[in-house]
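Enquirer: Could you put the whole structure together from the sequences, leaning on the hints where they help?
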Amino acid sequence: MERNDREPGYDPIALAAATEKVVVRGNLRKYVQLGRKLRFYGGSISATEVGCNLRCKFCFSDKPVWKPGKTGRFYSPQQVFDGLDRAARKHGTKIISASASEGTIGKDHLFELLTLVDQSEYSYVLETNGMILGADREYVQDLKRFKNLHVRVSIKGCNRDEFHRLTGAQRSAYELPFEALRSLIAEGVSCNACLSVSFSSKETIREAKEKLFEIRPGLLRSLETERIKLFPKVKSRLIEHDLITSDPLRRIEG
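Residue numbers (this note's numbering): 68 to 321.
Keep in mind that the hints were calculated from the coordinates and are not lab data. Ideal Cβ placement from N, Cα and C applies to all residues, glycine included. Do not take every clue at face value.
Said to hold, decoys possible - Keeping only pairs whose Cα atoms sit at most 27 Å apart, straight-line, the calculated DSS-like set for lysine-lysine is:
id, residue 1, residue 2
1, 88, 211
2, 174, 88
3, 130, 104
4, 174, 214
5, 276, 124
6, 137, 104
7, 137, 124
8, 104, 300
9, 134, 174
10, 124, 104
11, 211, 161
12, 124, 174
13, 211, 278
14, 124, 134
15, 130, 174
16, 124, 269
17, 124, 278
18, 174, 137
19, 88, 134
20, 157, 104
21, 137, 88
22, 269, 296
23, 104, 296
24, 300, 137
25, 104, 174
26, 124, 300
27, 300, 130
28, 134, 104
Stated by the list, open to error - Label-pair restraints from in silico Cβ distances:
id, residue 1, residue 2, range
29, 141, 294, 29 to 35 Å
30, 88, 204, 19 to 25 Å
31, 227, 127, 22 to 28 Å
32, 287, 137, 39 to 45 Å
33, 159, 182, 23 to 29 Å
34, 185, 159, 20 to 26 Å
35, 309, 156, 45 to 51 Å
Expert: Shown next as structure tokens:
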């Protein structure tokens, strides 16, 4: 991605570097908790990470994203794995992950965690907005050595304008998750895409699907679409930014 300092919005790659200084110390990373049961992927266990490089106005995560310096505590990869393992054994699932922030921040921490996962019976879902992976092909190349890994790339909005409106980031950064998918597929890393569509029209959804089809037609077969939930703080933020009206459900679903 060619970055332009005069382009409206913030640079997610620069924000990732700044955030990493707050939430990463060597191979330690900040988390809020290390093992809650989720319904996703047919039932999974997820840790709650701290620190993201996007500021999505519809984000449910709250303090882990908006106040990373005052949220969570530092854990080693072994501590994170042990927490996920305990919860997974309790609930009888083989799928583990981390969520609520950006999974690719803190590469050394992540790679040590994935090494532990590869020595286990679990599969790890790396949840990412694709910004860092899209900007760093070597990062993706390093991921291909992990056999128990699946990468879920969440695309915020269905074109550059929607992305900028929903995240406040530079429009050009919208291309990064698509580049991440290209790199992941080229390197043979298991992956799929998820589109945030709550503020999209049928036309822009079609445009985004066409972009994914051009990368690989199979991405449409595994494509997830995501609609926001109006948690109280999310609703307040959306009203503040004029993204919903007094009839928000009709606006979001329409």
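Enquirer: Each hint: holds or not?
Expert: A quick look at each hint next to the structure:
1. Between residue 88 and residue 211 the CA atoms are separated by roughly 26 Å; this keeps the pair inside 27 Å, and the hint holds.
2. About 13 Å separates the Cα atoms of residue 174 and residue 88, which keeps this hinted pair within 27 Å; it holds.
3. Of the pairs offered as hints, the one joining residue 130 and residue 104 holds, with about 20 Å between alpha carbons and a cut-off of 27 Å not exceeded.
4. With a CA separation close to 17 Å, the supplied pair residue 174 and residue 214 stays within the 27 Å bound.
5. Using a Cα cut-off of 27 Å, the hinted pair residue 276 and residue 124 holds, with the two alpha carbons roughly 23 Å apart.
6. Our distance criterion of 27 Å between C-alpha atoms is met by residue 137 and residue 104, whose separation comes to about 24 Å.
7. Straight-line distance between C-alpha atoms of residue 137 and residue 124 comes to about 20 Å, which keeps the hinted pair within the 27 Å bound.
8. A C-alpha spacing of about 22 Å is found between residue 104 and residue 300, which places the hinted pair at or below 27 Å, so the restraint holds.
9. Between residue 134 and residue 174 the CA atoms are separated by roughly 21 Å; this keeps the pair inside 27 Å, and the hint holds.
10. Among the hinted pairs, residue 124 with residue 104 is consistent with the structure: their alpha-carbon atoms are about 25 Å apart, no more than 27 Å.
11. Under the criterion of a C-alpha separation no larger than 27 Å, the hint pairing residue 211 with residue 161 is consistent with the structure, at around 20 Å.
12. A C-alpha spacing of about 26 Å is found between residue 124 and residue 174, which places the hinted pair at or below 27 Å, so the restraint holds.
13. At most 27 Å may separate the alpha-carbon atoms for a hinted pair to count; residue 211 and residue 278 meet this at roughly 24 Å.
14. Proposed proximity of residue 124 and residue 134 is supported: the alpha carbons are some 14 Å apart, at most 27 Å.
15. Of the supplied pair hints, the one linking residue 130 and residue 174 holds, its CA atoms being roughly 22 Å apart against a limit of 27 Å.
16. Between the alpha carbons of residue 124 and residue 269 the distance comes to roughly 21 Å, so the proposed pair stays at or under 27 Å and holds.
17. Our distance criterion of 27 Å between C-alpha atoms is met by residue 124 and residue 278, whose separation comes to about 24 Å.
18. For the hint linking residue 174 to residue 137, the alpha-carbon distance of about 22 Å falls within 27 Å, and the restraint holds.
19. Taking the CA atoms of residue 88 and residue 134, the gap is near 14 Å; set against the 27 Å cutoff, the hint holds.
20. Restraint check: the Cα-Cα separation between residue 157 and residue 104 comes to about 10 Å, which is no more than 27 Å; the hinted pair holds.
21. Simply put, residue 137 and residue 88 have alpha-carbon atoms about 13 Å apart, close enough for the 27 Å limit, and the pair holds.
22. Taking the CA atoms of residue 269 and residue 296, the gap is about 20 Å. The hint holds against a cut of 27 Å.
23. A C-alpha spacing of about 18 Å is found between residue 104 and residue 296, which places the hinted pair at or below 27 Å, so the restraint holds.
24. Taking the CA atoms of residue 300 and residue 137, the gap is near 18 Å; set against the 27 Å cutoff, the hint holds.
25. Annotation: proposed proximity of residue 104 to residue 174 holds, straight-line Cα distance about 25 Å (limit 27 Å).
26. Using a Cα cut-off of 27 Å, the hinted pair residue 124 and residue 300 holds, with the two alpha carbons roughly 10 Å apart.
27. The suggested pairing of residue 300 with residue 130 holds, with an alpha-carbon distance near 11 Å, which does not exceed 27 Å.
28. Using a Cα cut-off of 27 Å, the hinted pair residue 134 and residue 104 holds, with the two alpha carbons roughly 24 Å apart.
29. Between residue 141 and residue 294 the Cβ separation comes to about 34 Å, which falls inside the hinted range of 29 to 35 Å.
30. Residue 88 and residue 204 have their C-beta atoms about 23 Å apart, which keeps the hinted 19 to 25 Å range intact.
31. Judged by the Cβ atoms, the range 22 to 28 Å given for residue 227 and residue 127 holds: they are separated by roughly 24 Å.
32. In this structure the hint that residue 287 and residue 137 lie 39 to 45 Å apart at CB holds, the actual value being about 41 Å.
33. A hinted range of 23 to 29 Å for the beta carbons of residue 159 and residue 182 is consistent with their spacing of about 24 Å.
34. A beta carbon spacing of about 21 Å between residue 185 and residue 159 agrees with the range 20 to 26 Å that was offered as a hint.
35. For the pair residue 309 and residue 156, the beta carbons lie near 47 Å from each other, so the given range of 45 to 51 Å is met.
The structure shown violates none of the earlier numbered hints.
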